[in-house]
Every structure is written in C-alpha cells, then in structure tokens.
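K.L.:
Chains A and B, in that order, give the protein sequences. Residues 5 to 532 in the numbering used here are what the first sequence spells out, letter by letter. Residues 42 to 332 in the numbering used here are what the second sequence spells out, letter by letter.
Derived by calculation from the structure, the hints in this document are not laboratory data. Do not take every clue at face value.
With the Cβ distance kept under 10 Å, some of the chain B side facing chain A (calculated, not the full set) [what the hints assert, rightly or not]:
#1 Arg240
#2 His241
#3 Ala290
#4 Glu294
No residue lacks a Cβ here, since even glycine has one placed at the ideal position from N, Cα and C.
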Amino acid sequence: MSLLSVSNLRVDFNTRNGHTIAVNDISFSVEKGQITAIIGESGSGKSVACYSLLGLLPQPPASIESGQALFEGHDLLQMSEAELRAIRGRDIAMIFQDPMTCLNPFMTIGDQLIEPLIYHKKLSKNDALARAKELLVEVGIRDPDTTINNYPHEFSGGMRQRVMIAMALINEPKLLIADEPTTALDVTIQAQILKLIAELQTKRDIGVIFISHDLAVVADIADQIIVMEKGHLVERGNREQIFHKAQHPYTQKLLAAIPNSTKATSSHEPEPLIQVEHLKTYFETPSQLVKAVDDVSFQINKGEILGLVGESGSGKSTIGRSILRLLPVTAGKVSFAGTDITALKPSDLKAMRRRMQMIFQDPYASLNPRMSVYDTLAEPLLLHGLESRKTVEQAVLKLMDDVGLARAFIRKYPHEFSGGQRQRIAIGRALATKPDFIVADEPVSALDVTIQAQILDLMLALGQQYGLTMLFVSHDLAVVRHIADRIIVLYHGKIVEQGSSEALFNTPQDSYTQTLLQSIPGQSLRAS
Amino acid sequence: MTDTTLQAEKGTSLWEDAWRRLKKNKLALFGLGLLSSFVVIALLTPWIAPYAYDAQNLDLGATPPSAAHWLGTDIFGRDLLTQIMYGGRISLAVGFVATAVALLIGVSWGAIAGYLGGRVDAVMMRIVDILYALPFMIFIVLLMVVFGRNLLLLFLAIGAVEWLTMARIMRGQVQSLRKQEFVEAAISLGLAPATIIRRHLVPNALGPIIVYTTLTIPSVMLLEAFLSFLGLGIQPPKTSWGLLISYGAETMEEYPWLLIFPGLALTLTLFALNFLGDGLRDALDVRRSAD
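Isolated chain A, as found in the complex (with noise of 0.2 Å):
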C-alpha cells in the first residue's frame, strides 16, 4: 500500500473575478522511502494540490469539489479539523520557501524546537532539549549546545532552513512535504540542503513530496516526477522517462527551457566602454564596516555581455548599481566612454543617466503600481526630450512591438500583467532611451523557467538590435553561461576569477568557482 495515495482530486477557487479549477482530477501516489517530485510553473495547481490534502487552504475561496487522499489507509479530506490538526505536524509535516516568515522571530531555536515534544510527546524539559540537540546535529549544525539558544534572525538562510527541517522533522513524520525548499538559497547552499533532504529521507525511511518550479534541482534527488501544467497532470514517471523519454510536448518545454548551452562567442574588438579601477563601496551599519565592494577592477568592451556572478552578500549588485551611479562610492574610479562617473556633478549626471539604463530584479518591485504602460513608458521619453507631446505614443508602441507586448495592452496597469510581461515592461522602460549600457540584476530569477528563455532569448535580441553592452548580474551560473560573453565570478566583494564563459566553465582555475560550478543543480542530466 502505498503511503498516500491520492486519486481524483479536484479544487475549485471561487473569486469574484470567476471560477477557476485550480487541480483539475489528478491521481497520484508517494511511496514510503522515495521522494516524489511535483513540478511545475505557477499557477500550475502544485502547491495548491498539496495544501488541499492538509486542509491549508481557506475555504471559501477555495473548495474541494472531489477526490480521496489515502493517507495509511485513511481519508485526509474527509477528516474533522481536529483530526487533520493531529496529522499535521505529527505524522505529515511541511517545509517553506521562506524559513524566516515560518519562525516565530522572538523565541530562541530551542524553545520552538521543544514545544512540540513537550506538547505532543510529553517529554520532559531536559529530555526535550537532549532530543532537539541531537536533531540539529542530525541536520548539521555545527555546536548545538550555543545555537540552540540562538534567535532565527542570527542564522543565514541555509542555516535557518536547516532548523526549519529540523523541526518538521522533530515527531518523526512518515510524510515529509517540502515547497520550493532551496528557492531562496543560494546555489551551493542549495545543493547542501539537497544533499541533506536526500540524505535524511534514505535514513528514516520517509515519504518525500518534493515541490519545485524547476526541474533541474530534482534531477539528483528525485524517484518519481509528477509534471502538472494549468491545473493537469501532463505527465509522470521516473528520472529517466521524463528527462531522456519526456512524451508531453510541456515536459519537452521545460526540459528545453534549462539553460545548459554556452553562448556562442562573437569576437569583439577589445574597445573599453567601461573601466572600473580598484572601486570601493562600503556601507557602515552601527556595529560595522561591511566592505560589500571591495577594490574590484575589471572594464567592459563594446558589445559585450560580461556575465557578474557570486552568492548572495558577494557584492554583485552593488557593484551594478556604483556603476550607476545608483549608491555612493567610497573610492575608486567608473569611468564610462573615458568621462569619470564619479566625479560627475548632478547636472551633469542627467545626461549621462540617458545613456545607461538599469533592468531589475523584481518586476513586481520595480514598475510603479499607479502608472500604466503608458506612463510608464512615456516617461524616459518626454524627460530627456527624446519624443514630444505627440509622437511619444508612436514611440510607445514601437517599442512594445520591440520588447513583444500587444499594442492594446497601453493602457493597462502593471498588476494586471503576469511576471514575464512585467519584466518586459521593465526592459522596455531600460530601452527607452536608446542607453548604450545596461546593468541587468537578476532580470529572470524571479520568473518560471520557460518564462525565464524567453526573456533571456528577448535580451540576447534586443542587445544585437539596439547595440547594447551589458553588465548581466546574477547568481544563476546557467543563466549567465546562456547569456554572456565573459564571466567575473565574485566573493566576498572581490573578484576571484574572471575568463570567457568557455574557459571559465570549462577549466576553472579558483576553487571556489569549481564549488560553485559543482553546485550547478541536474549535474546527473548533464553527465549523461
């Protein structure tokens, strides 16, 4: 029998803005020992599947039309409130995306740990902490005995995701469920953390349900991979039928849509257009100096992608946005065309803003929520006096055309775009003023993979269209080998490597760049 087996489900969300099927009658099974991956992009009906069998979804709007979860033989949804609350956590138990918004930031570790054994378990306090002790341990952390009494925000992220597990595991589930567990991680942090579900999962002989949006980060762990799309679940099997036999043109899609191909390098000739020399930003908090940039010279050539990758904390945007002029350089020269960015007066910065443009990473943060496309657009063009009154719509729309949104769309406002059109919203606004440079930072890591190729592909186009050099900033090591020409890999705000994208993923010379490259997820699917 297998440990939950859940067959015809189907939920329903009730909005007023209509009626959508959100799981449309999918029929799955987890086995005990194996870990089971569901994939899929957003708003495909993933996480909502899984929250519907644990009675996490607020009914209304959502409802859950039919369908059984045999959990050891009983059914999750047909069980009282009170009967779901003792699963929950005990013999089923979840881990987020977002360690931090699941801890309770006022109470130590410890006691978070404790309170369930207490509660459940009965144990003693000493018994308890004896047992929590041995469970960070487990999960690997280093000296429990002084970071049990630590408080959540004095862990980094991998960290507080590895206490995060620790907690779900602390009753000993059969089931454990994970949603997008590493999204927010950093790429080496997030192969650790793989590494460790994989690992406690063979070690305790549990069921894992494993969510992700990505395919690659499952190739090295998963048994069984569930692909759904819009609601349907298009197509499932084990690791290799969906990544060597995918028979579903979607699973083709997303397969097609990891990037794993090197750019074609095209020779430039060696003409500087930026020249960074032994730039400096430090920020000073309270406590402490944070060297976040610290005496980095490298120059970027006409026509060129340079590729700036490096964990979070490794100074990358920030060296995006000194370039820019964006945040105050504490020493240093950018110089930009031969002209000294940083010694430039305000009234002289306005021009030189026209001529670099900067894409971000959150298309959600980065649009101004009251303005249309319109506006939005518009506006680079009539400050800089590029386009009048009444050209400025031709404009517009000409550009749409360029970054591919429908010209009816002009009048829309940005929540009503999905995240990919947003982006391009944003890289539109960046084009509007025919800038010869633009810094990228993370334009895509925030998008659903197949969304992902397309904006990169859009970019890569619009580059050798409008001439553009680029700064592509990012943590993706994939994404920056599809997309640049020459790559810096940074630590700790110093550059440790820096080569064509080639020799750079071919024959890496610093050890930390061959530990990043190693923690490229799917390594399994590309060895084969």
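With chain A fixed as given, assemble chain B onto it according to the hints.
P.N.:
Same frame as chain A, but now just chain B:
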C-alpha cells in the same frame, strides 16, 4: 481590434481613471452630491435664508418646529434653520480650508523628510515633535494676541496644528516606498527628486492620506467649536455648527431640537465625507478595479 480599444481608452490618466471608477460607486456619488449641495446652500445662504442671521424675537422665545420656523427657534427667538445655514458657511469653510492647509504642508513636509532621509529627515521630524509638544491652547492664544482675532487666522492656526499627524503618516509611507525598486528605476532614468516625489511617491501614498483627511475635516469643525466656546473663535451673533451644538447641548432637556438639528447637519456631513473618502481611496487604487 487593437485600434478600437486604443481609441476607446485614449487619454486616460490616473485621475481620469479614478473618476471613471468613482462614478460607478453609488455611495461615494451620494456623498459627493450631499457635500456639494451643502456647499451650494452655504454659498447662497445670504440670499436664500428665510431670516436675517441676527434677527431676534425675544417675545417668541424658544419654539419647536412650526410652519413659520421649520426647525424651530432658540431662546432668543432666532430662526434655527437660518442659524444652521449661516453656521454651515463657517464650519464648512473652516473644515475645508484648514484641512487643505494641513494637507498641503503635511504631505510635502512628510514626503520630503521621508525621501531625503538622514539628517534632513531627523531635523524636520524633530521640528514636528517640538510643535506636537507645544500646548495647543497657548499657541492659539499667542496667535490671537499678536494678530488679533480674525477668521483667516483661525483657519491657519487649526491647519498649523493638524498638519503634524499628516506629515508623520506621509513620512512613514514614503519611507517604505522609497526602498522599492521603481523609485531606484526612476532615479536611474534621471528624474529629479521633486518629480520622483510628485509622480512616483505621492500617488502611491494617497490611500491612508485620503482616509485621514476625511477624518480630519470633522475633527477640525469640532476644534473650531471648542475654540469658539472658549471665546477664541467665532462670536455671537455669528455662529457655527459646533457652537450651535454646544449651546444646544446645554438646553437639550427643555429644547431638544436645538441640539438635534445642528447635530444632524454635522453628522450628515461626516457620513458624506466618509463615503466619499472610501470611494476615492478605492478609485485611486488601480489594483482594486477588475474592469
């Protein structure tokens, strides 16, 4: 298809969109209608009031509503309807002008402090703190002593006190907004700080400001009554709703209509303001519209 949609939607801005959405909100339109009629009546009062505002009839005394005096008379035999109409002129003027003053100073002060941050912010907000700490009555009395008693001064004095909270609300809003990437995008486009505040920050902070404004107008009207009651504001035979209510409250056991009708006028205004304020807030929030 694209061409027709374009034609139909041509020339819409945030404010035109907001007006289009407001027109669909019946309650807000009702509020707007009621307020406008009050304003029109107030403007026309000298010509349409049934009696002169200072006409007394001591022989008549206080009478309940009748055919000659629709809302009755007060103890001096003055027509209550006339008094409410003249009182409305003062109350509405104080309410709107003082609030407009508070809005103007408060929003710009708060937005500038919040946007610039750092030392400028610290100095500007400490000034607000100091003014908060200043006893309001002493401030008003001082103004009255120096400048003499006049209506314009009353507007200014009240406005000068009410903007403090407005500034704090605005600063909080702007502080959280300026960290958003769309502000950074605006900077990298080369926009000047004043334009960023006007085009990107203020429209996004309007929700709480509008709600607070609709709450400020009635509280300003009552503040005026309080000042007048102490002899610092309007003096009889001139009157205001607030004054009428406080006199009415003294005699409510014998002559309840003297309290009920002025109270009704103020309450209706308050309702109308709240309906309109809620409607405006929703209309200005583009995310709320499903159309």
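K.L.:
Against each hint, give a clear statement of whether it holds in the structure.
P.N.:
Each hint, compared with the structure:
{"no.": "1", "hint": "Arg240", "verdict": "holds (8 Å)"}
{"no.": "2", "hint": "His241", "verdict": "holds (5 Å)"}
{"no.": "3", "hint": "Ala290", "verdict": "violated (45 Å)"}
{"no.": "4", "hint": "Glu294", "verdict": "violated (51 Å)"}
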